[in-house]
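**Student:** Here is what each chain is made of, one letter per residue.
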Amino acid sequence: MNPAAPLLELRDLHVYLAESHILQGVSFAVRRGGITGLLGRNGVGKTTTLRGVLGLVPRTGAVLLEGRETSALAVHEVVRLGVGYVPEDRDVFGGLTVTENLALAERAGSEHRYDLVYELFPELKQRGAQKAGTLSGGQQQMVALARALLNADNRILLVDEPTKGLAPLVVRHVVDALQRAAEVTTILLVEQNLSVAHKLVHDVVVLDQGRVSFTGTVDELMGDPALARRHLGLAAVGSH
Amino acid sequence: MTTIALLLVTGLGLGALYFLIAAGLSLIWGLMRVLNFAHGAFFTVAAYAGWSAAKLAGGADPSLRWLIGVVVAIAVGGLFATLTEVVLIRPLYARHVGQVLVTVGLALATISLVQGGFGSDPQRLALPAWMTNTTSMLGANVPNTRLLVIVVAALVFALLLFFLRRTRFGLIVRAGVENRAMVQALGIDVQRAFTLVFAIGGMAAGLAGMLGATYYGTVDPLRGTSMLIFAFIVVIIGGLGSVTGSAVAAIVVGVVQQFLNFYGAAGVGDFSVVLLLAIVLLVRPGGFAGSSA
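Line by line, the protein sequences are chains A and B.
Under the numbering used here, the letters of the first sequence match residues 1 to 240, in that order.
Under the numbering used here, the letters of the second sequence match residues 1 to 293, in that order.
Calculated from the structure, these hints are not laboratory results.
One or more of the hints may lead you astray.
To give a feel for the contact side, a few chain B residues facing chain A, derived at Cβ under 10 angstroms [claimed, not checked]:
1. 102
2. 104
3. 106
4. 120
5. 121
6. 171
7. 183
One side of the interface only, derived from the structure: several residues of chain B facing chain A at Cβ under 7 angstroms [stated by the list, open to error]:
8. 111
9. 115
10. 116
11. 178
12. 179
13. 182
14. 185
15. 186
16. 270
As the structure is a prediction and not an experimental result, all values here were calculated from the model.
Glycine is no exception: its CB is placed at the ideal position from the N, C-alpha and C atoms.
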């Protein structure tokens, strides 16, 4: 395998939901290692892109993981190729305990990194017997991240707005955890909080109205106010 | 007091039969969002299969014959349900109208086939002597068949809880009832859980078929349909997707039905169950337990 080849590649991805053409030919590549940011204003198709990679929404076009076409595979088959997913709404199983949520994520044939998970989120060990539905938003985010990190054979994590709605202290905790996770796996991160994105990511892909409007490094994007304003909007840059 | 004790036990026995049908229905709905109108057909076909097997084993000990009937009914119920899921339901996931049509059609066709093969009249099931005897409880002579049905249903309830709480497949089913898409996004083949839940539901319905024949002393081509109506009510009152909720609701429905049918006019018990359903839907729309397995 060519180490310089992209880990994940999207080619001309289209997604239609009801009458809306959400993704209109999205193409980009994610290189191996580190965190690639998928940025853009609200409603431009970032979450749909992640869901399209997994096959959670009907799509056309090609999704290649380490050069292997995955579009024809079922969702669970794509995941078993080594894709971890942290959805925007966390989607922890509220009626299951924290321990059960993690046990459910265990994949046969993969080493399970409980040591890493509990090192990053020691609170989860203490709250193992607690129903996930009774946890705070930040704790639920830890469960969602822990599920994705658990399997050592995950080649890439698709992480959707992990800091959304969290208190600043918890945001710092999540940022630290993502930095640590990026040492052991590749991450494609959707993030609205630009200061968080700037801290974490190197490569960025910006979406606008269902199309890729910019690819480059975060410094290229943020270092040029005109460029940032054009791709991310005035308000977004203002908040950075 | 004697009458009350008798009504209570017979009501619990009826509730036990409802539970055995409702538990499978509830899990199938909770996990797969399939409204399975063919569930009564699993009950009927399994009952006739068990009755036929018990009859074929004519020379054996009566208790053994009955036991053979139970084993055959469970196996046939499970097999019929699995084939239904694989052949008819699987191509129609997310097409709810198609599912309703195909399961209603299967139920109607099954009743016609059973009537064509075995006749429209109920057929008597030969029971061992100890089952036709009674046991004295609180001054009432309670038929042993009622007690047997209650004990078996309680065992099935315990087994289902063990399966749901102590096995990985049970964990998958409980998670799938909450959020099926996220279970898939963890790399789990939910399709296998679908088939397993259908098979378990069919086995429980098959057991209910043979226990229903034991409870009433006959097999009847139309009993599955009438039981299914009350089982649906139990599922809704108990909370879609909840086995424990179904167990509680089945007891309530069975006991209320027996008492009001006895103390009220004929049919009042059946009507009161529908009224109970309406009250629960108004006061607690999610049922007793909401949507947790």
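**Student:** All hints, please: hold or fail.
**Tutor:** Each hint, compared with the structure:
{"no.": "1", "hint": "102", "in the structure": "23 angstroms, violated"}
{"no.": "2", "hint": "104", "in the structure": "29 angstroms, violated"}
{"no.": "3", "hint": "106", "in the structure": "27 angstroms, violated"}
{"no.": "4", "hint": "120", "in the structure": "45 angstroms, violated"}
{"no.": "5", "hint": "121", "in the structure": "47 angstroms, violated"}
{"no.": "6", "hint": "171", "in the structure": "6 angstroms, holds"}
{"no.": "7", "hint": "183", "in the structure": "7 angstroms, holds"}
{"no.": "8", "hint": "111", "in the structure": "36 angstroms, violated"}
{"no.": "9", "hint": "115", "in the structure": "41 angstroms, violated"}
{"no.": "10", "hint": "116", "in the structure": "41 angstroms, violated"}
{"no.": "11", "hint": "178", "in the structure": "5 angstroms, holds"}
{"no.": "12", "hint": "179", "in the structure": "6 angstroms, holds"}
{"no.": "13", "hint": "182", "in the structure": "4 angstroms, holds"}
{"no.": "14", "hint": "185", "in the structure": "5 angstroms, holds"}
{"no.": "15", "hint": "186", "in the structure": "5 angstroms, holds"}
{"no.": "16", "hint": "270", "in the structure": "34 angstroms, violated"}
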